[in-house]
Amino acid sequence: MAVRIQTEDFDAGAEIAALRAGNPAVGAVASFVGVVRDRNDGDAVATLTLEHYPGMTEGAIEAIVEEARSRWAIIDVTVVHRVGELKPLDQIVLVVVAGGHRGDAFAACEFIMDYLKTRAPFWKKEQTPEGARWVDARASDDDAAERWAGRKKDVA
Amino acid sequence: MSAKLKLLFFARLREDLGTSGEELALPADVGTVAALRAHLLARGGAWATTLAQGRALRVAVNHEMAEPATPVRPGDEIAFFPPVTGG
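Chains as they are written, first to last, in the working numbering: chain G, -10 to 145; chain Y, 31 to 117.
The set of hints was computed from the structure by calculation and includes no laboratory data.
Virtual Cβ for every residue (Gly too), placed ideally from N, Cα, C.
Heads up, a few of these hints could be off.
When the alpha-carbon atoms are kept at most 20 Å apart in a straight line, the in silico SDA-like pairs for lysine to any residue are as follows [what the hints assert, rightly or not]:
| no. | chain 1 | residue 1 | chain 2 | residue 2 |
| --- | --- | --- | --- | --- |
| 1 | Y | K36 | Y | H93 |
| 2 | G | K114 | Y | E45 |
| 3 | G | K114 | G | G73 |
| 4 | Y | K36 | G | G44 |
| 5 | Y | K34 | Y | A58 |
| 6 | G | K114 | G | V72 |
| 7 | G | K114 | Y | R103 |
| 8 | Y | K34 | G | G44 |
| 9 | G | K114 | Y | L38 |
| 10 | G | K76 | G | Q116 |
| 11 | G | K114 | G | R9 |
| 12 | G | K114 | Y | D46 |
| 13 | Y | K36 | Y | D106 |
| 14 | Y | K36 | Y | R103 |
| 15 | G | K114 | Y | A86 |
| 16 | G | K114 | Y | P113 |
| 17 | Y | K36 | G | K76 |
| 18 | G | K114 | Y | R88 |
| 19 | Y | K36 | Y | L71 |
| 20 | G | K114 | Y | R85 |
The following residues of chain G were derived to be distant from chain Y, with all beta-carbon distances above 12 Å [as the list claims (entries may be wrong)]:
| no. | residue |
| --- | --- |
| 21 | A(-9) |
| 22 | E(-3) |
| 23 | G23 |
| 24 | A35 |
| 25 | T36 |
| 26 | R60 |
| 27 | W61 |
| 28 | K76 |
| 29 | L78 |
| 30 | G92 |
| 31 | A96 |
| 32 | G139 |
Going by beta-carbon spacing under 7 Å, a handful of chain G positions derived as facing chain Y [what the hints assert, rightly or not]:
| no. | residue |
| --- | --- |
| 33 | V(-8) |
| 34 | R28 |
| 35 | Y42 |
| 36 | V82 |
| 37 | A109 |
| 38 | F111 |
| 39 | K113 |
| 40 | W123 |
Full structure from sequences and hints, please.
Listed below in structure tokens is the structure:
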């Protein structure tokens, strides 16, 4: 497992290649890339500044990945999350899950993103024509995370 | 282990309180996260409005998400912040 918090951009292709390099047990790689949009809540977004809690963030994400490992048969995971000032079109977050088969890889990738959005200590502040404002947490993100609560991997 | 608490504030809370953190000698009557919140709220001003009951607030004790009843002990690192918005 690799979890990285960084200001620099990332290369999803290189991360995918690295995660499965030399491992013939990997039959599926699922990935997700989050990107900065140019509009939010009806306003133009010029820049997005991401703050986090150094010291807690990495551990919080590692705990989410461990939870995913306990639920699905997956082989390895990479999570990269950027912080600092970003602008529309920039990449924010990358989750890559390698597994034996696609079902578990897809599910684990979505689970990790849903939990990251509600449990990892990041905060977004956006600069709009109306001024700077902190982005409010969305109930829909809580709902997305909550729906995994009762779902465990079926034992085949 | 330090006898003091290390308090941290992030994002909107940091801006509203005008500080990113402080060291605080553990008050005798503070044994839980809820009691610590009440202690800080009693300072009045921005503390009262920012930490008011009903404001969405998350607390982590030693890097783990905490509940109002989570114990607070000397040397703990306690962070207050809004609901998270990463990803």
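Inset, instruction - Would you assess whether A(-9)(G), listed as outside the interface, keeps its beta-carbon beyond 12 Å of every beta-carbon in chain Y? - result: The claim stands: A(-9)(G) keeps its Cβ more than 12 Å from every Cβ of chain Y (closest is about 17 Å).
Inset, instruction - With a cut-off of 20 Å on the C-alpha distance, tell me whether K114(G) and A86(Y) pass. - result: 17 Å, holds
Inset, instruction - Decide if the proposed pair is consistent with the structure: K36(Y) and G44(G), CA atoms, cutoff 20 Å inclusive. - result: 13 Å, holds
Legend entry - Interface exclusion of R60(G) relative to chain Y, criterion Cβ beyond 12 Å: Non-interface label stands for R60(G): nearest chain Y Cβ at 19 Å, farther than 12 Å.
Inset, instruction - Could you grab the alpha-carbon distance between K76(G) and Q116(G) and see if it respects the 20 Å cut-off? - result: 10 Å, holds
Legend entry - Non-interface label on G139(G), tested against every C-beta of chain Y at 12 Å: Answer for G139(G): holds, closest chain Y Cβ roughly 20 Å.
Inset, instruction - So, V82(G) near chain Y? Judge it on the closest CB pair being under 7 Å. - result: 5 Å, holds
Inset, instruction - Measuring Cβ to Cβ, find out whether A96(G) lies farther than 12 Å from everything in chain Y. - result: 17 Å, holds
Legend entry - Straight-line alpha-carbon gap K34(Y) to A58(Y), limit 20 Å: 12 Å, holds
Legend entry - Pair hint K34(Y) and G44(G), alpha-carbon separation not exceeding 20 Å: 19 Å, holds
Legend entry - Pair hint outcome, K114(G) versus R103(Y) [Cα-Cα no greater than 20 Å]: Answer violated: K114(G) to R103(Y) is near 32 Å, above 20 Å.
Legend entry - Restraint check for K36(Y) with D106(Y), where alpha carbons must lie at most 20 Å apart: 6 Å, holds
In summary, the numbered hints that this structure violates are 7, 11, 17, 23, 33 and 34.
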